[in-house]
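Peer 1: Protein sequences appear in the order of chains A and B.
The first sequence: position 99 = 99 (this note's numbering), numbered continuously.
The second sequence: position 44 = 44 (this note's numbering), numbered continuously.
FYI, nobody ran anything at the bench for these hints, they're computed from the structure.
On a predicted model such as this, the values are computed, not experimentally measured, just so you know.
Among the clues, some could well be false.
To be verified - Quick partial rundown of chain A residues pointing at chain B, CB under 7 Å, derived from the structure: (1) R13; (2) A39; (3) L74; (4) T91.
Claimed, not checked - Using 20 Å as the maximum straight-line C-alpha spacing, the simulated EDC-like pairs for lysine to aspartate or glutamate come out as follows: (5) K29/B x E36/A; (6) K29/B x D98/A; (7) K29/B x D80/B; (8) K29/A x E25/B; (9) K65/A x D98/A; (10) K29/B x E88/A.
Each residue gets a CB set at the ideal place from its N, CA and C atoms; glycine is no exception.
Protein chains: 2
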Amino acid sequence: MPYYHDEVDAVLRALADPTRRAVVERLAKSPAVVSELAAPFSMTLPSLMQHLRVLENAGLVTSQKHGRVRTVSLRPGALDVLHLWLGEQRTPAEHQADRLGIHLTRTTSKET
Amino acid sequence: MPYYHDEVDAVLRALADPTRRAVVERLAKSPAVVSELAAPFSMTLPSLMQHLRVLENAGLVTSQKHGRVRTVSLRPGALDVLHLWLGEQRTPAEHQADRLGIHLTRTTSKET
């Protein structure tokens, strides 16, 4: 799956930067206009716009312009690709623990 | 939680590199000796060792030396910090979808 690997690569590269991660954390709460996003960081607007472009190219955010105001949102399901990748990295021991957990849940729910 | 944020930062920086990600993917299957890990990559052993150090510093892998052979393993729970961070980035709409999913699961299991 070359397309999937490119997606994982773009998302992880985008999130490896603490400023971009802080933007994602802020947008997970609600969409925001660019000036709001810039406020907590001591950086110029062009620098922030560059970070937003990286996030947009990685498929993590989308933005819409209404008049002179640009609103940025976290794309729904943006981080699904990372969930998927993480799931694939479960070790045999972790899979065994999962199966034990499922077994215990089933046993417990039968008992109640 | 400054310690937690440092951990997330180290893990994401480590995983942003495709070689290091390929090493993690390989180690999720089973521990491996260094020469095995080096085989699929056209890179020198010192370069690989440098990648392994980054992964080790990020808490993702551990290694043990027996005689002249060094075996590298994925640290159990190594990626938990990333699962946690991803969970925190769920948007209000995704939380609502989660609640709907839980409601449907409960309703369905009552009916059967």
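Peer 1: Run the structure past the numbered hints and jot down the numbers of the failing ones, going up.
Peer 2: Hints 2, 5, 8 and 9 contradicted; others consistent.
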